[in-house]
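Visitor: Modelling step: build the complete structure from the supplied sequences, incorporating the hints.
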Amino acid sequence: MPDASLLGEVIEVIRDAGKVAPGVAIKPEQRLVDDLGIDSLDLVGVFLSIQDRYDVVIDDDDVPDLRRVVDLAEYVAKNRLRAA
Amino acid sequence: MAERILIIGHSAVTCLGRDLDATWDGLIAGRSGIRRHASLGPERFLQDIGGIVEDFGPGSATEDAEISRLGSRSIHLGLAAARAAWADAGFPSAPFDPERVALIVGSAMGGLDLLDAETTRASTRKNLAVSPYLIPGLIINQIAGQIAQQLGLHGPSIAPANACASGGHAVAMGAMLLRAGEAEIAVCGAAESAFTPSIVNGFVTMKALYNRKGDDRGAADPSQASRPFSADRAGFVLSEGAGMLVLATETAVRQNNLRPLAELKGWAMNSDGYHMAMPEAKRVALCLKSALKHSGLPPEAIGYYNAHGTSTPVNDRLETGAIREVFGDHADRLPVSSIKGALGHGLGAASAIEAAVCVRSLREQAIPPTINYRPDPELSLDFVPDVGRDSPVHAAMSASFGFGGTNNALIFTRWTDA
Chain A
1 MPDASLLGEV IEVIRDAGKV APGVAIKPEQ RLVDDLGIDS LDLVGVFLSI QDRYDVVIDD
61 DDVPDLRRVV DLAEYVAKNR LRAA
Chain B
1 MAERILIIGH SAVTCLGRDL DATWDGLIAG RSGIRRHASL GPERFLQDIG GIVEDFGPGS
61 ATEDAEISRL GSRSIHLGLA AARAAWADAG FPSAPFDPER VALIVGSAMG GLDLLDAETT
121 RASTRKNLAV SPYLIPGLII NQIAGQIAQQ LGLHGPSIAP ANACASGGHA VAMGAMLLRA
181 GEAEIAVCGA AESAFTPSIV NGFVTMKALY NRKGDDRGAA DPSQASRPFS ADRAGFVLSE
241 GAGMLVLATE TAVRQNNLRP LAELKGWAMN SDGYHMAMPE AKRVALCLKS ALKHSGLPPE
301 AIGYYNAHGT STPVNDRLET GAIREVFGDH ADRLPVSSIK GALGHGLGAA SAIEAAVCVR
361 SLREQAIPPT INYRPDPELS LDFVPDVGRD SPVHAAMSAS FGFGGTNNAL IFTRWTDA
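Protein chains in written order, with the numbering used here: chain A, 1 to 84; chain B, 1 to 418.
No lab work stands behind these hints: they were computed from the structure. In this text, all values refer to a predicted model and were calculated from it rather than measured experimentally. Any given hint might turn out to be false.
To be verified - Here are the simulated DSSO-like pairs of lysine-lysine, each with C-alpha atoms no more than 30 Å apart in a straight line:
no., chain 1, residue 1, chain 2, residue 2
1, A, Lys19, B, Lys282
2, A, Lys78, A, Lys19
3, B, Lys282, B, Lys293
4, B, Lys126, A, Lys78
5, B, Lys282, B, Lys207
6, A, Lys27, A, Lys78
Guide: So, in structure tokens, the structure goes:
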């Protein structure tokens, strides 16, 4: 599990770029599409915002594995570290 | 007998005000919406004077949340104007069939501001990814698309891209669709925001944009940079905005008890077939004559000519000559003004804003002035200098001419219930 600070940041990126309503709580285990209802274009927007914010590259091959909020946070933690 | 085409809603969003009331009040008072803008800094722009709708659009406190994904200002401007015109027409309270409402909304440049911003962002990425909202926000017809989506309209949708005549073409094409029976109501207009380095610097390079320095009165006071028909006119000043009209057939107006504001009496469109950027006097005059013929009105019936009047040396000289040719002796009695002195040149949106202002002029029986005017001995018309004028106006003509040699003229007449 990534640290709480990073997880919180990623959740805010998901909320902003994924257009998740302010009143909806976003939890680590929730699925981006099935639980949070993020549509396909907004999902790309989320990945792009993550790339821009953390200076990482999300490979298309990795996208199918990034289904939950925590998956995305772990991806950032792992690849940001590698980039550094 | 052909269906009469009536105006039932009108609106504008301009650098003088976020609605038509504020814009009209500013115009009549002789105010300018042109100023220097920090967002047009010299590191990227050759000119920082322009007409920007402040505190508006993507990222602002007044952002329209329904279209927050689409970062093109032209979409936000167009939707704001459409919402206002739709409300002015009495909708959605008044009855309408959404399948019978057409959308004719143009722009010269569309979402180039979004393209510029996204290109800058993408340049720092480690891969070639581009925002999924770039293409939806870039396409010119997305303005009409979002108006349809947000207002729940489902008739035919067309996006005229006729440079600086886009809005006028939209109004004419809307009327043609109504006459053809393809719809009974049409939301017609245009929106524009093209403050990107490529566009601003491109117009400067063409010597079309005002770019005087030193002690020129416009450099010292940006509100005097745009000065149509003046002896010292020195190019147009770029601005952004949107204008919108709601047209309806007389049948729809009667059936649904809608409120007419004016009648669209005549229109004309033609092509110079002459030059990529220079207008041709002969075809411009022919366009004005064709609109008069289409309206069935004699030249003497026109009580206000709302000029394209860009403040470029070429346009204003050519247009003055066309007015003299078309109106003959009546030209000496015809009030002619260009509101681009106050609003700058909103490219595709300009003619839509000017159409809305003509409708307001008929309603108010007043004529907005040409501000910053200093007489040019070669251009001797009544340019309604500097202050608005109360005047009986039965018919108003608005003309617009665009790069690519595309011309348009509209004639509106006053509506009286008698």
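Visitor: All hints, please: hold or fail.
Guide: Hints versus structure:
| no. | hint | verdict |
| --- | --- | --- |
| 1 | A:Lys19 to B:Lys282 | violated, 54 Å |
| 2 | A:Lys78 to A:Lys19 | holds, 25 Å |
| 3 | B:Lys282 to B:Lys293 | holds, 16 Å |
| 4 | B:Lys126 to A:Lys78 | holds, 17 Å |
| 5 | B:Lys282 to B:Lys207 | holds, 23 Å |
| 6 | A:Lys27 to A:Lys78 | holds, 20 Å |
Consistency note: the structure conflicts with earlier hint 1 alone.
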